[in-house]
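For chain X, the structure is supplied; the task is to place chain G on it using the hints.
Here the protein sequences come in this chain order: X and G.
Position 71 (the first sequence) corresponds to 72 in the numbering used here; numbering is contiguous.
Position 109 (the second sequence) corresponds to 110 in the numbering used here; numbering is contiguous.
For the record, the hints were derived by calculation from the structure and aren't laboratory data.
Do not rely on the hints blindly, as some may be mistaken.
Note that identical chains are pooled: a pair holds if it fits in a single copy or bridges any two copies.
[As the list claims (entries may be wrong)] Result set (BS3-like, lysine-lysine): computed pairs, CA atoms no more than 27 Å apart in a straight line:
id : residue 1 : residue 2
1  : 142       : 231
2  : 187       : 148
3  : 6         : 231
4  : 231       : 148
5  : 70        : 231
6  : 231       : 108
7  : 5         : 30
8  : 231       : 5
Quick caveat: nothing in here was measured; it's all calculated off a predicted structure.
Number of protein chains: 2
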Amino acid sequence: MDSKKLYVVGIGPGSEEDMTIRARNILKKSDVICGYTVYCDLVRPLFPDKEYISTPMMGEEKRVLLALKSADEKRTVSLICSGDAGVYGMSGLVLELGKDFPEVDIKVIPGVTAALSGAALLGAPLIHDFCLISLSDRLTKMELIEKRLRAAASADMVIVIYNPESRARKGYLSHACDILMEIIPKDRVCGIARNIGRSDEESMVTTLEKLKETKADMFSTVFIGNSSTKNTGDMMITMRGYKSEL
Amino acid sequence: MDSKKLYVVGIGPGSEEDMTIRARNILKKSDVICGYTVYCDLVRPLFPDKEYISTPMMGEEKRVLLALKSADEKRTVSLICSGDAGVYGMSGLVLELGKDFPEVDIKVIPGVTAALSGAALLGAPLIHDFCLISLSDRLTKMELIEKRLRAAASADMVIVIYNPESRARKGYLSHACDILMEIIPKDRVCGIARNIGRSDEESMVTTLEKLKETKADMFSTVFIGNSSTKNTGDMMITMRGYKSEL
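So here's chain X without its partners, still in its complex pose (with noise of 0.2 Å):
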């Protein structure tokens, strides 16, 4: 009944101890770890003796259907994704996919998401009202996302940005801040986070108008503070009780 199992696992920012304990159990258990190259050789080390089955960026479609075929054979497999398992993750993917695999039964287990891990080490960015918005125009055109920027900016709401940058999509935070300073001021608070949860994570407290000419790549998340939130020097806090800014 229950030996066809696919676990979506999302397994936090990197290091083993930023994952859930029930993500661990379920790696432990799984007969076989599925997922992009780079975050099986981050766990591979934790599980060494564990089939993998791994496959390259842009490869999504692929590895879901190799993950859903070895469950269908009753093996337990943990299709694993960095962060969250739903946060720009593979979640939705899996379920659509699996609708033609009618036994595997899906389960999806939560992790922190890097707005979450780097607002930690960051300080206090978000604690109220705020979105996330993936500057990645792969499956997004970039009208949709210079909206959706826009209307961020205008309801005073913080603003965690993924995937600010590539090797491909060189300027596009440069862009975002351009966009974002039509409607807030230069002098806003912003932060970036690089490599949460790995040896060489760095974060550094900017404003809006420095933050256009840093780089950023694709293991950065970045922060656009709201009207509240303050520089204490090292750090980020946004402050609960909003004067009104309407």
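Chain G only, in chain X's frame:
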């Protein structure tokens, strides 16, 4: 040197398995656990030999000062928050009030917030850009809450609603649905998750129109889909690869 430690710890939705390994290890080595009464009751069975300082809801400032004073007396203190430490959590207030306790080293430990644990229960409602909006007007003006709801709906973002209602705030979720229906169709796929991570956990997929008539409380998290969100029976899945909806 490092004897005056205060950790602000996100404990996740409630069960021990949904804590990160780091959060559990820090609670284990703490002398004192401080928190809202309900959350202290959740962790006391796991760590029965600790000293507990619990204060009721609304007593946030007092709770934080008690935690800081206890850490300043060279005790290792964990101030616990449900979900994440920084999402509608206490990390901001601790860092702010912590300025008066310069010898206390404050660290924020992230956890799985209800947007992520609720999404895992409902399937895959987030997947792409989304925002978190609290309906509590204790510290935020209702006009600003309404403005944020409209902005998020206009930009076709998935919306996660925290604190939809409480005993003192009846009818708030219904009011929010009315505002959203000015912009998005009444058959928009929505979901609600209740008592996540506890024995009486439940979730339901519905429409915006029906959500307006649905009861919610402080332990409910509400999900409003975007134009790409599907109802697959008992689940809510947001598609990647957005159609142009500008």
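Evaluation of the provided hints:
1. 142 / 231: The answer is between: 20 Å across copies meets 27 Å, while 33 Å in one copy does not.
2. 187 / 148: both (19 Å within a copy, 23 Å between copies)
3. 6 / 231: Only across copies: residue 6 and residue 231 sit 23 Å apart there, 47 Å inside one copy, limit 27 Å.
4. 231 / 148: both (26 Å within a copy, 23 Å between copies)
5. 70 / 231: For residue 70 and residue 231, the Cα distance is within 27 Å only across copies (24 Å; inside one copy 50 Å).
6. 231 / 108: Classified as between: cross-chain Cα gap 18 Å, same-chain 40 Å, threshold 27 Å.
7. 5 / 30: This pair counts as within: shortest intra-copy Cα distance 13 Å, inter-copy 39 Å.
8. 231 / 5: Between copies only: 25 Å across, 50 Å inside.
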